[in-house]
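Asks: Now for the letters of each chain:
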Amino acid sequence: MTVKKLEKAAFDKWVSACITSQRVFGVQAKEDRFVFAPLANAADLRLDYDVTILPPKKYFQPPRETLLKFDRNEGFESVFDNQPFVLFGVHPYDMVAISQTDKLFSQEHCDTHYVNRREKATIVACDVQNASKDVFAGCMGTATVNDGFDILITKIDNDYLVDIRSEKGQALAETIKDAEDADDISLKLRKLVWADNAELLQKHKLNVRPDVLPKLLGRSYEHPVWKEKSERCYSCGSCNLVCPTCYCFDVRDDVEWNLQKGERYRVWDGCLLAEFAVVAGKHNFRANRADRYRHRYYRKGKYVPEKIGEVACVGCGRCITACTANIANPVEVYNKLVDEGK
Amino acid sequence: MCKCDSNKDIYLPLPATLGKVQPMTNLESFFSCQLDSGKELGHMPGQFVEVSIPGIGEAPISVSSSPTRKGSFEMVIRKVGNVSQSLHGLNAGDKIFIRGPFGTSFPVDDAMKGKDIIFVCGGIGIVPVRSAIQYVLDNRDDYGRVIILFGAKTPSDRLFVEELEKWREDKNVTLLETVDHRDESWSGPEGVITTLLPLVKIDKDNTVVVICGPPIMYKFVIINLLEAKLKEDQIYLSLERNMKCGVGKCGHCQINNIYVCQDGPVFKFSDIKDIEEAL
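Residue numbers (numbering that gives the first Met the number 0), protein chains in the order written: chain V, 0 to 341; chain W, 0 to 278.
Careful, some of the hints might be misleading.
Pairs of lysine-lysine residues, derived as BS3-like cross-links and limited to a Cα-Cα distance of at most 27 angstroms, are as follows [stated by the list, open to error]:
{"hint": "1", "chain 1": "V", "residue 1": "119", "chain 2": "W", "residue 2": "7"}
{"hint": "2", "chain 1": "V", "residue 1": "281", "chain 2": "W", "residue 2": "152"}
{"hint": "3", "chain 1": "W", "residue 1": "38", "chain 2": "V", "residue 2": "68"}
{"hint": "4", "chain 1": "W", "residue 1": "94", "chain 2": "V", "residue 2": "260"}
{"hint": "5", "chain 1": "W", "residue 1": "272", "chain 2": "V", "residue 2": "226"}
{"hint": "6", "chain 1": "W", "residue 1": "272", "chain 2": "V", "residue 2": "281"}
{"hint": "7", "chain 1": "W", "residue 1": "165", "chain 2": "W", "residue 2": "228"}
{"hint": "8", "chain 1": "W", "residue 1": "94", "chain 2": "W", "residue 2": "69"}
{"hint": "9", "chain 1": "W", "residue 1": "272", "chain 2": "W", "residue 2": "114"}
{"hint": "10", "chain 1": "V", "residue 1": "119", "chain 2": "W", "residue 2": "272"}
{"hint": "11", "chain 1": "W", "residue 1": "7", "chain 2": "V", "residue 2": "306"}
Just so you know, the hints here were simulated from the structure itself, not pulled from any lab data. All of these numbers come straight from a predicted model, not from anything done at the bench.
My request is simple: use the sequences and hints to build the entire structure.
Replies: Structure below.
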């Protein structure tokens with residue numbers, strides 16, 4: 000479609016117009032870190048952020064999400080959240096993660112709770128301006144992204160290139176439809192940004208191509224690294240919590256005070272938590288920390304790739320930052336498997 | 000993203016009404032159930048349903064009756080969790096809610112046809128297998144010999160006591176039973192279920208074995224069967240995990256790369272023998 004070029008003032012004006020007409024969530028500062036949150040003023044939008052504490056998955060699969068309402072006499076009724084919204088400032092690696100979860104929730108048995116919400120969203124992605132301390136998206140091929148979003152923003156010097164890619168994007172960019180198109184020089188500079196980001200977003204260096212990971216894991220099941228690392232694991236699930244591609248959930252019921260009506264909701268769950276594979280009767284099919292630790296790596300590097308054809312680690316580095324025991328660096332683990340597999 | 004109806008909900012349970020409710024042992028009760036829509040459940044032997052009680056939750060439960068027996072379907076539920084405890088407090092006429100059926104089934108219409116069938120059931124493992132046993136008995140001419148091996152912890156843990164007697168008297172069925180720990184009421188064999196296997200003359204080229212029981216049982220039964228020269232693709236097992244969503248999303252029932260709720264609960268042994276977390 001088209002790429003518009005806006006100066007800072009025009010860009011802010013456009014963001015303000017979006018806020019007036021739609022429900023907008025955007026990246027903002029929270030003390031010395033960043034979060035996705037409801038956006039009230041264009042001035043609060045921080046597209047220069049490095050990484051957000053939680054990934055934007057919380058808008059498609061909320062941490063606590065009502066699935067059904069019930070009345071004990073009348074039974075269950077579906078609850079869908081169909082309110083349109085705009086998500087402003089999604090980094091490429093997070094965009095790739097969203098596209099992966101799109102596939103996982105829609106393939107085979109389509110999860111309409113997720114899909115309905117996702118289809119109502121307009122995603123404004125943005126190229127990374129500042130690398131976070133643990134990002135390794137450059138090694139995972141996710142430092143830049145070419146699809147899934149409705150609009151892509153790239154900052155070139157003091158200007159913003161607004162790349163409009165879909166009908167939803169066009170609708171959101173209605174107020175800037177008469178802005179000037181990006182010139183060739185700007186578009187060339189954008190290519191440089193992409194090339195630079197692929198290099199810069201490698202704070203940890205993976206010594207293997209990501210597409211080799213399924214095969215690498217295929218011969219590493221008994222590798223000592225799983226036990227070694229997991230000996231310090233607190234089973235806290237922080238790595239699951241902050242991961243943009245973790246989507247496992249628990250389903251629970253909640254009753255109102257009258258014990259008559261209530262709701263069934265799902266909450267984020269994590270395979271590192273000790274109780275994750277417990278069945279009724281208390282037998283735990285993954286009682287061992289090392290087994291849980293390994294399972295997560297295998298999901299990201301082997302099992303999910305077998306389902307969707309892509310490695311389910313996008314190199315955001317959030318798990319590295321979040322892990323209190325300092326054992327969650329995927330690059331360290333994978334490099335160890337490569338070195339010792341030789 | 001997806002062309003399906005946006006109002007379709009894979010998590011929406013449908014109303015059903017309990018028919019007969021009857022305690023079977025200290026822990027297990029029998030429930031018959033009919034969908035309020037009047038439709039058949041439409042399951043095959045070995046599949047499971049998600050049973051809901053509003054306000055309590057949902058739990059995966061094996062269907063214990065054969066689809067050849069029309070009208071209602073049957074379940075036997077051990078009280079071990081929140082949902083099963085609550086189910087035990089319900090009576091005939093009470094409402095429950097059902098999703099499913101889910102998962103794979105015993106190959107009653109394929110690999111089992113024309114073959115001698117050995118059912119190996121440990122304890123509550125007889126519950127899903129009973130569906131296949133009934134199916135086979137209702138189509139008796141389609142199969143060779145039918146041999147049922149059943150092991151319970153103690154005589155008072157035996158399930159389907161009346162049906163066991165019917166099978167014992169049926170000339171077309173061989174039923175062998177054992178208990179781990181005998182008491183005065185039991186004059187039959189004592190010992191684990193593998194002690195029954197040497198009593199069966201296995202036609203190694205013409206037999207399919209169906210196994211369901213506690214996790215520890217599988218390894219020992221399978222070792223015995225392989226020693227009797229059965230091939231790995233002649234052995235089918237039903238595995239238990241926490242099949243929470245039933246539709247391959249929530250992640251709880253995963254065994255390495257497979258989802259028990261979708262790829263199982265019935266597996267051919269040759270398909271899972273190299274899957275590390277399976278057995």
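Asks: Does each hint fit the structure? Answer for all of them.
Replies: Results of checking the hints against the structure:
{"no.": "1", "hint": "119/V <-> 7/W", "result": "holds, 17 angstroms"}
{"no.": "2", "hint": "281/V <-> 152/W", "result": "holds, 19 angstroms"}
{"no.": "3", "hint": "38/W <-> 68/V", "result": "holds, 24 angstroms"}
{"no.": "4", "hint": "94/W <-> 260/V", "result": "holds, 15 angstroms"}
{"no.": "5", "hint": "272/W <-> 226/V", "result": "holds, 23 angstroms"}
{"no.": "6", "hint": "272/W <-> 281/V", "result": "holds, 25 angstroms"}
{"no.": "7", "hint": "165/W <-> 228/W", "result": "violated, 31 angstroms"}
{"no.": "8", "hint": "94/W <-> 69/W", "result": "holds, 20 angstroms"}
{"no.": "9", "hint": "272/W <-> 114/W", "result": "holds, 23 angstroms"}
{"no.": "10", "hint": "119/V <-> 272/W", "result": "violated, 44 angstroms"}
{"no.": "11", "hint": "7/W <-> 306/V", "result": "holds, 23 angstroms"}
The earlier numbered hints that this structure contradicts are 7, 10.
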